[in-house]
Amino acid sequence: MVAEREPSLLERRLVIVTGKGGTGKTTVAAALALAASRAGKRVLLAEVGRAEQLPRLLVPNGEPVGYAGRELLPGLRAMRIDPFDALAEYLTLQVPARRLVNLVFRSRGFRQLMEASPGWRELITLGKVWHLEQLTDADGAPLYDLIVVDAPATGHGVTFLDVPRVVVSAVHAGPLRRHASLVAEMIQDRKRTLLLPVALAEELPARETAALVARLREDVGVAVDRVVVNAVIGAPFPPGLEQLDRDLAALPAETALGSLPPASALAACAAYLASRHALNREYTGEIARATGLPVVPLRYLAGGIGGAAELQILGDALLGEPRPAEAAP
Amino acid sequence: MISPAELICSRRVVVCVGTGGVGKTTVAASLALEGARLGRRALVLTIDPARRLADALGVDALGNRPSELAAERRDSLGIHGEGRLFALMLDMKRTFDDLVERFAENADARERIFGNRIYQHVSDALAGSAEYAAMEKVYELCESGDFDLVVVDTPPSQHALDFLDAPQRLLEFLDSRLVHVLLHPAFAAGRFGFRLFHRTAQRAIQLIEKVSGVSFLEDVSEFLLAFEGMSEGFRARATRVRQLMTGPETGFVLVAGASAGAVRGAVDFLDHLEESGVPLVGVVVNRIRLWPPGEAGALPEALSEDGDAAADTALLAQALVANGLEPARADEAARAAVEVAKGYASLVRLDARCTAELRFRALQDGRFFCRVPEFPRDVHDLDGLMRIGGFLVDDERRRTADGSSAAPVPE
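Which chain is which? The protein sequence lines are G and L, in order. The numbering of the first sequence is our numbering, which starts it at 1 and goes up by one. The numbering of the second sequence is our numbering, which starts it at 330 and goes up by one.
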C-alpha cells in the first residue's frame, strides 16, 4: 500500500501547538511562526488564554496585540483570541441587529450565564480559527498561508479540540451543529491541520505527552506526526571523556586546586549535567517509543529565551526533519 | 514572618498554588511529610501526581479516599509519635457525585442530575470545576477531624483565583436572574422592576436558541432545574468552604519555577493573590540551580563572571593524572571540567537573576522565600521528598540557610 505523503510542517494551513504547562509551548509556537514568516509565508500567530506572552517574546517591549491583532514583523501577525470577543463577533454575523447583540452583551445575566456555561469558549475560539483560515485576499488566495495556534495546556488541550466533535454528537440540528461540523472537519483534515505537541524529556511531561497523543488520535482524530522535545541538554563532555564526571568524583576530597572550587563541587557539576543529559536522553526515547512518533529535539539554551535570536535557533531546528529517537538528542 | 516549619505546625490547611510544571505536587508532598515528621497527622491531596511519586506515597488512584503511608516506612522517614502521613489523589467526577448524593432532594432528582448530558460533561468542561472539587474535598477532610494538616496541590491554572472563585461563580450563576427567567419565566414577568431585564433576558434566550438549536437549551434548563433543589445546601457549603480557605487556619504557598517564563507567571499569580486577600504566607522557588548542584552554598569567586578559573586548571590536570587519568588527555579533561563548572555557575547566576524580583516581592511583604534546588535526578520517591524537606524546613539536612539569609544572590 502506498501511503499518501503527509504534508510538511510548512505545507499545513493550521498548526496547533500544545503541551503541559512549563514545556515552553508558547516559545515553540513563536519560533515556528517566526521561522515560517522568514520562509516567506504569511503567518498568523494566535494566542489562546488570558495572559499575552507572545508580543514580548517576538519584538522588544512588545505591547499586547489584543483581539484585533497587529503585524509584529513583516509577514507575521499576532492576535489573542478572547472567547467573549469572538462570541460578540459571531453573534453580530449571525444576528443582523447589532444593537440587540450589544444590549444582550451588556446584561450581567448573560455574562454570568456564559461564565458558567461549559464548552462554548473552546468552540467559539476554534470557530474563530476556522473563520481566519477561510479568509482570502483580493486575488482569492488565502489571507494567511499558515495559522499557528498557541493552545491551552494539555488536559485543557484535549477538551479544547474535542468540543466541536462533542457538540456535533450532542446537538441534533440548527446552525450550531452546522458550524461545529465545519470546525470538526477542519481539525480532522490531515492535509490542513497538524497538532504539534511540545514535551520535556522528563517523567511527568513524557507521560502526559504519551497520554495526550493517544487521546488525540483516538478521540479527536487530528493529525499528529511528530513530538517536539524542548530544552534537551546535549552531551556535556568532549568525545573520549565521557567518564569525566566519574574521574572527578574519584579525586580525593583534600586535592589542592588553588582558586578552583573543591573537587567535590567540580564533580557535582559534571554529575549534574551528565545526569540531566542522560535523563533527557532516556525520556526522549521514552516519548518516541510511547507515541510511535519521530521527535524533534530542541537544545536547551542556557542563556534563556531573550528574543528573536534564540527563537531563530529553535525555529531552524523545528523546520528540520524530525529524527527518530535513537539519533536524539 | 511565619516560617515554613511554623506554617505546617500551626495551620490546618496549606494550599500550594502556582502555574503548571513547577513541581507543586512534590513541594506539597514534602510539606506534608515535614508535617508528619513534626508530629502531625498530615495529608497531601494531589491532583495528578507522577506515577512513581504516587506509588511511593501509596496513593490509591481509585478510592478518592485517603491512604496511609505504611507503618514500617515511618521510622526511616523520621515520623514518630502521633505523626502520620496520608495521601489522596482527587477523583473529580466522584467528588461531584458525592456532592450530588449529599444534597439532592430525593432519589429522583439525583438520577435526573446523573443522567443529564450537561452534568456528564460538567467535570470536564465547566470552568473551575477541578478547582471546586479540590476545595470541596479539602473541606470534607478537615471536617472529618482525622487530620491536623491538609496540604493541597492545586490543579494547574493560569489564574490564581480560579481556585477560590469557582464556587462563587457557580453560585452567582445559579442565583442570576437570567437563570430564574430561564427556569420560571412567570416569576420575572410578574414583577414590576424586572420588566426591562426580562425583555433583555427574553432576547438573550432567543439569541441563544437561534445559534444553538433548542435541544441544547433544554438540556441546560433541565440541568438547572435538577440542580435548583440542591442549591441551598450547596450554597451554604460553598460559603463555609470559602471561609475555611481564606480564614486564619489556612496558609497559601506560591510555588514557582526559576526560569524567566515561570517567574513571570509566578509574579502574575502573586499580583492576583494579593488582590484577592488570601492568606499568602510564602514563596517556594522550586528546581532552582544553586551552588553546588543540589545544595545551597556560596558561588566561588573563581567562577564569578569576571573570575579567572582557568589559572589553576593545571592543578586539576595534575590531580587527575595522579589519580590515573591518561596524561595526554589530562589538560583537555581539566579544561572541560572547569568549563562545565563555569557553565553551571552561569546557570546559577541566571536563575538568581530571574528570581530576584520574586524574592524581593516576597521578603518585602513579610513572607518567607525558600529555594529548593534542582537535583541531578527528578524527585519521585520519599527520600527525594526528604531532601526537598530539608530546604523547606531549616535543619541539618542542608548546608546553609534559606535564600533570605546566608546564600548569596549574585548580580
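Treat the hints loosely; a few may be bogus.
To be verified - Below, simulated SDA-like cross-link-like pairs (lysine to any residue); rule was C-alpha separation at most 25 Å, straight line:
1. G/LYS191 with G/GLU133
2. L/LYS671 with G/GLY240
3. L/LYS671 with G/HIS277
4. L/LYS671 with G/SER275
5. G/LYS191 with G/ARG177
6. L/LYS671 with G/VAL168
7. L/LYS422 with G/VAL168
8. L/LYS422 with L/GLU561
9. G/LYS191 with G/GLY140
10. L/LYS671 with G/VAL224
11. L/LYS671 with G/ALA141
12. L/LYS671 with G/ALA278
13. L/LYS422 with L/GLY407
14. L/LYS422 with L/PRO395
15. L/LYS422 with G/LEU301
16. L/LYS671 with G/LEU301
17. L/LYS671 with G/ALA250
18. L/LYS422 with G/ALA210
19. L/LYS671 with G/GLU310
20. L/LYS422 with G/ALA249
21. L/LYS671 with G/LEU279
22. L/LYS671 with G/GLY258
23. G/LYS41 with G/ALA249
24. L/LYS671 with G/ALA249
25. L/LYS422 with G/ARG165
No lab work stands behind these hints, which were simulated from the structure alone. Just so you know, these numbers come straight off a predicted model, no measurement behind them.
Here's how the hints hold up against the structure:
The straight-line distance between the Cα atoms of G/LYS191 and G/GLU133 is roughly 13 Å, inside the 25 Å bound, and the hint therefore holds. At most 25 Å may separate the alpha-carbon atoms for a hinted pair to count; L/LYS671 and G/GLY240 meet this at roughly 21 Å. Straight-line distance between C-alpha atoms of L/LYS671 and G/HIS277 comes to about 17 Å, which keeps the hinted pair within the 25 Å bound. Straight-line distance between C-alpha atoms of L/LYS671 and G/SER275 comes to about 17 Å, which keeps the hinted pair within the 25 Å bound.
Among the hinted pairs, G/LYS191 with G/ARG177 is consistent with the structure: their alpha-carbon atoms are about 23 Å apart, no more than 25 Å. Taking the CA atoms of L/LYS671 and G/VAL168, the gap is about 57 Å. The hint is violated against a cut of 25 Å. Distance check on the hinted pair: L/LYS422 and G/VAL168 sit about 23 Å apart at the alpha-carbon level, within 25 Å; holds. For the proposed pair L/LYS422 and L/GLU561, the alpha carbon gap of about 21 Å is at most 25 Å, so the pair holds.
This hinted pair checks out: G/LYS191 and G/GLY140 have alpha carbons roughly 20 Å apart, not beyond 25 Å. For the hint linking L/LYS671 to G/VAL224, the alpha-carbon distance of about 40 Å lies beyond 25 Å, and the restraint is violated. For the given pair, L/LYS671 sits about 53 Å from G/ALA141 by alpha-carbon distance, which is inconsistent with the 25 Å threshold. As the CA atoms of L/LYS671 and G/ALA278 are separated by approximately 20 Å, the hinted pair is consistent with the 25 Å bound.
In summary, the hint linking L/LYS422 to L/GLY407 is not supported, as the alpha carbons are separated by about 36 Å, beyond the 25 Å threshold. Simply put, L/LYS422 and L/PRO395 have alpha-carbon atoms about 16 Å apart, close enough for the 25 Å limit, and the pair holds. For the hint linking L/LYS422 to G/LEU301, the alpha-carbon distance of about 41 Å lies beyond 25 Å, and the restraint is violated. For the suggested pair L/LYS671 and G/LEU301, the alpha carbons sit about 15 Å apart, so the restraint of at most 25 Å is met.
Taking the CA atoms of L/LYS671 and G/ALA250, the gap is near 20 Å; set against the 25 Å cutoff, the hint holds. As the CA atoms of L/LYS422 and G/ALA210 are separated by approximately 23 Å, the hinted pair is consistent with the 25 Å bound. Under the criterion of a C-alpha separation no larger than 25 Å, the hint pairing L/LYS671 with G/GLU310 is consistent with the structure, at around 21 Å. Note on L/LYS422 and G/ALA249: the hinted pairing is violated, with a Cα-Cα distance of about 50 Å set against a maximum of 25 Å.
At most 25 Å may separate the alpha-carbon atoms for a hinted pair to count; L/LYS671 and G/LEU279 meet this at roughly 21 Å. For the hint linking L/LYS671 to G/GLY258, the alpha-carbon distance of about 16 Å falls within 25 Å, and the restraint holds. Between the alpha carbons of G/LYS41 and G/ALA249 the distance comes to roughly 52 Å, so the proposed pair goes past 25 Å and is violated. Our distance criterion of 25 Å between C-alpha atoms is met by L/LYS671 and G/ALA249, whose separation comes to about 17 Å.
A hinted pair counts as satisfied when its Cα atoms are at most 25 Å apart, and L/LYS422 with G/ARG165 qualifies at roughly 21 Å.
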